[in-house]
Amino acid sequence: MKFLVYFGSAILIFLLFLIVSPFFINWNSYYASHVLKQIENISSDISVKGVNNVTGSLVLPKIVVNNLHVESGSDSSDYKSTILIERLELKISLLSLLLFSPKVYAVTVDGLSMPLGSLVDILSSFKKGSFQIGTFNIRNSVINTHYDRTSFSSKPIYIKEGNIKTINDTKVISGLLDIGKNTYTMTADVSLDKTQYRIAGSVSSELTKVTLSGVSYENKFDGVIVAKGSNFAQFINDLSETNKTSVFSFINSQEEFSLSSNIKLTDKRFELTDFKVATGSLNGLGNITCLSYSSCNINIDFSKIDLDYLSSNNDSNYSNKESRTLDYFSTLISKDLDYDVKVNVKEIKYSGQVSNNLMVDLNVLGGKINVNKMIMMLPGNNNVLQVEGNVSSNDLVSSFSGRIKINGNDFESFAGWLFPVEFESKSNNSEFSLQSDVYIAPRIFSLSNVRVLTSGLGDAKGQLKIKYDKKNSFISGNVDLYHVDFDRYNINTKLSMENFMRMKWLKDINYKVKFGTNINDSVINKQHVNDLSFSIDVVQGKFNLDKIRFNATDGSNLEGFVKVSIKPQDIRPKMSIQLKSSKYNSDFIVFPSL
Numbered sequence: 008m009k010f011l012v013y014f015g016s017a018i019l020i021f022l023l024f025l026i027v028s029p030f031f032i033n034w035n036s037y038y039a040s041h042v043l044k045q046i047e048n049i050s051s052d053i054s055v056k057g058v059n060n061v062t063g064s065l066v067l068p069k070i071v072v073n074n075l076h077v078e079s080g081s082d083s084s085d086y087k088s089t090i091l092i093e094r095l096e097l098k099i100s101l102l103s104l105l106l107f108s109p110k111v112y113a114v115t116v117d118g119l120s121m122p123l124g125s126l127v128d129i130l131s132s133f134k135k136g137s138f139q140i141g142t143f144n145i146r147n148s149v150i151n152t153h154y155d156r157t158s159f160s161s162k163p164i165y166i167k168e169g170n171i172k173t174i175n176d177t178k179v180i181s182g183l184l185d186i187g188k189n190t191y192t193m194t195a196d197v198s199l200d201k202t203q204y205r206i207a208g209s210v211s212s213e214l215t216k217v218t219l220s221g222v223s224y225e226n227k228f229d230g231v232i233v234a235k236g237s238n239f240a241q242f243i244n245d246l247s248e249t250n251k252t253s254v255f256s257f258i259n260s261q262e263e264f265s266l267s268s269n270i271k272l273t274d275k276r277f278e279l280t281d282f283k284v285a286t287g288s289l290n291g292l293g294n295i296t297c298l299s300y301s302s303c304n305i306n307i308d309f310s311k312i313d314l315d316y317l318s319s320n321n322d323s324n325y326s327n328k329e330s331r332t333l334d335y336f337s338t339l340i341s342k343d344l345d346y347d348v349k350v351n352v353k354e355i356k357y358s359g360q361v362s363n364n365l366m367v368d369l370n371v372l373g374g375k376i377n378v379n380k381m382i383m384m385l386p387g388n389n390n391v392l393q394v395e396g397n398v399s400s401n402d403l404v405s406s407f408s409g410r411i412k413i414n415g416n417d418f419e420s421f422a423g424w425l426f427p428v429e430f431e432s433k434s435n436n437s438e439f440s441l442q443s444d445v446y447i448a449p450r451i452f453s454l455s456n457v458r459v460l461t462s463g464l465g466d467a468k469g470q471l472k473i474k475y476d477k478k479n480s481f482i483s484g485n486v487d488l489y490h491v492d493f494d495r496y497n498i499n500t501k502l503s504m505e506n507f508m509r510m511k512w513l514k515d516i517n518y519k520v521k522f523g524t525n526i527n528d529s530v531i532n533k534q535h536v537n538d539l540s541f542s543i544d545v546v547q548g549k550f551n552l553d554k555i556r557f558n559a560t561d562g563s564n565l566e567g568f569v570k571v572s573i574k575p576q577d578i579r580p581k582m583s584i585q586l587k588s589s590k591y592n593s594d595f596i597v598f599p600s601l
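End of the sequence shown sits at 601 in the numbering used here; the numbers just go up one at a time, nothing left out.
Hints should not be assumed to be uniformly reliable.
What the hints assert, rightly or not - Listed below are the simulated DSS-like cross-link pairs for lysine-lysine, each with C-alpha atoms no more than 27 Å apart in a straight line:
| no. | residue 1 | residue 2 |
| --- | --- | --- |
| 1 | Lys477 | Lys533 |
| 2 | Lys349 | Lys433 |
| 3 | Lys201 | Lys188 |
| 4 | Lys216 | Lys227 |
| 5 | Lys478 | Lys514 |
| 6 | Lys98 | Lys167 |
| 7 | Lys283 | Lys178 |
| 8 | Lys353 | Lys235 |
| 9 | Lys472 | Lys519 |
| 10 | Lys201 | Lys167 |
| 11 | Lys342 | Lys235 |
| 12 | Lys201 | Lys235 |
| 13 | Lys433 | Lys474 |
| 14 | Lys570 | Lys590 |
| 15 | Lys342 | Lys311 |
| 16 | Lys570 | Lys521 |
| 17 | Lys433 | Lys533 |
| 18 | Lys380 | Lys472 |
| 19 | Lys581 | Lys521 |
| 20 | Lys554 | Lys574 |
| 21 | Lys533 | Lys472 |
| 22 | Lys511 | Lys468 |
| 23 | Lys356 | Lys271 |
For the record, the hints were derived by calculation from the structure and aren't laboratory data.
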């Protein structure tokens, strides 16, 4: 009986010791350095830079590290990034804790924030024998995909919960992720097969499934990645939104797709070979080789790209959303990137027309995109587009500055593709050249120093600037036309001059136009015109033709203005006309009836 009393008392004292002693142990002094050293031993790429405090418990023994600050990047690396952990819980054996040499058997990470580049670096330099644990849990954490690997401002991959358990020498991985606007379930198995690990995993949503399989050995990985789904727009936009860009938001084609590639990781070298993408609107294959996370060579050949189908033939949606690409330039392109990109497209469809043999050669370096070469065959006979320039950012605005050149032997086809015009008959020789400086910034598109020369179909020079936002747009510029025979040009039959002159379209427009026109030494209705000039001003409900000046070879002349207004409730427009002439030949211009 006394033995039971003594034994019970000893147990009670021991339990009391376990409960009370943690308050008297200096956890930071005795255990912090040892635990932090184990963390650093996970990979040669990380070092602990700071920790708020370390606490512990002897009942269900564990050590808790709060606000852990880790730096990723080797000593020789030019770029280092930050890894933050709000709470790190390490479950340990009681005996190892009392011996001041804690051995961890379970880890729980809460509130991890780390860049994707750091994750790749750590996995490539992971020391397999340094951190053996039975269970690893993670929750409320983010993997940031910002390319500079230092900012946590972009929209991340959010890990709601995840765990890794060891079952019969097999690592069983499961988790729940938020990527873009959708939730994905992750599952994977990692098993040891002799000297290598076999990996099989998948990430899936309701409409998409991505699978990865392969083998890992000596910090190397060889495998295959496959993605299949029924909504290409959802998949590609989920990926782009991890960079908080929505750069592909113009894509809304809900079509089936498949992507596949061989994947190889060697240290920090990353390769995608035999990369294939196939949907109803595009087909391509290529190779991607990266010496590191920020240094890559990309070569992709597309047999076709149907931009009309990708944007579901919604022209306004496409033009509004594609223009936002430069908004995201500073997010997508950081100064540490060094990418060489070569893309070839055999056939590309846009606005109902097909162009061939697009070749793009560009380099991403020092925070800039240099377009070394961009060549594309346009509709018509030997019509060739060439673009060169660069995209850069000054931290306030990103912009493209370059030059466009178009040369060809078929001006009629080119003009019909670009403008709503048709020709009475095609000439045997319609060589032409077009050159222009081009400037593109968020919500700004500008062509300046435009020069067009043709063989007998007229010449032109001028400039064009378009500014647009969500509510309205503003189009401004001027054009000078020379030696144009307007009798050879007809307005496309898709446009109705009768409907145009009724001006009902003025009720619905959400853009402003201010454009100046000068016509010299040209032919209108078989009559020779010395000069004709006017300015066009358009706002919602108003159309003004101002500063009209007209002089013809036969002495006809005209000056004045035409102003048109229409309100939402009006059936017919209201017009104010003031035209003066000392001599006028009605063969030149006939005003249609309204």
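Hint check:
Our distance criterion of 27 Å between C-alpha atoms is broken by Lys477 and Lys533, whose separation comes to about 44 Å. Of the supplied pair hints, the one linking Lys349 and Lys433 is violated, its CA atoms being roughly 37 Å apart against a limit of 27 Å. Of the supplied pair hints, the one linking Lys201 and Lys188 is violated, its CA atoms being roughly 41 Å apart against a limit of 27 Å. Proposed proximity of Lys216 and Lys227 is supported: the alpha carbons are some 25 Å apart, at most 27 Å.
For the hint pairing Lys478 with Lys514, the CA-to-CA distance comes to about 15 Å; that is within 27 Å, so the pair holds. At roughly 21 Å between alpha-carbon atoms, Lys98 and Lys167 fall within 27 Å of each other, so this suggested pair holds. Among the hinted pairs, Lys283 with Lys178 is inconsistent with the structure: their alpha-carbon atoms are about 30 Å apart, more than 27 Å. Pair hint Lys353 plus Lys235 holds up; C-alpha atoms about 24 Å apart against a cutoff of 27 Å.
Restraint check for Lys472 and Lys519: satisfied, since their Cα atoms lie roughly 12 Å apart, inside the 27 Å limit. For the given pair, Lys201 sits about 34 Å from Lys167 by alpha-carbon distance, which is inconsistent with the 27 Å threshold. Distance restraint check for Lys342 and Lys235: the Cα-Cα separation of roughly 34 Å exceeds the 27 Å cut-off, and the hinted pair is therefore not satisfied. Restraint check for Lys201 and Lys235: not satisfied, since their Cα atoms lie roughly 32 Å apart, outside the 27 Å limit.
In summary, the hint linking Lys433 to Lys474 is not supported, as the alpha carbons are separated by about 35 Å, beyond the 27 Å threshold. For a cut-off of 27 Å, the pair hint linking Lys570 to Lys590 stands: about 22 Å separates their Cα positions. In summary, the hint linking Lys342 to Lys311 is not supported, as the alpha carbons are separated by about 32 Å, beyond the 27 Å threshold. A threshold of 27 Å between alpha carbons decides the hint, and for Lys570 with Lys521 the separation of about 14 Å falls inside it, so the pair holds.
Taken as a hint, the Lys433 and Lys533 pair is honoured in the structure, with Cα atoms around 18 Å apart against an allowance of 27 Å. For the hint linking Lys380 to Lys472, the alpha-carbon distance of about 24 Å falls within 27 Å, and the restraint holds. At most 27 Å may separate the alpha-carbon atoms for a hinted pair to count; Lys581 and Lys521 meet this at roughly 20 Å. A C-alpha spacing of about 24 Å is found between Lys554 and Lys574, which places the hinted pair at or below 27 Å, so the restraint holds.
About 33 Å separates the Cα atoms of Lys533 and Lys472, which puts this hinted pair outside 27 Å; it is violated. A hinted pair counts as satisfied when its Cα atoms are at most 27 Å apart, and Lys511 with Lys468 does not qualify at roughly 32 Å. Of the supplied pair hints, the one linking Lys356 and Lys271 is violated, its CA atoms being roughly 34 Å apart against a limit of 27 Å.
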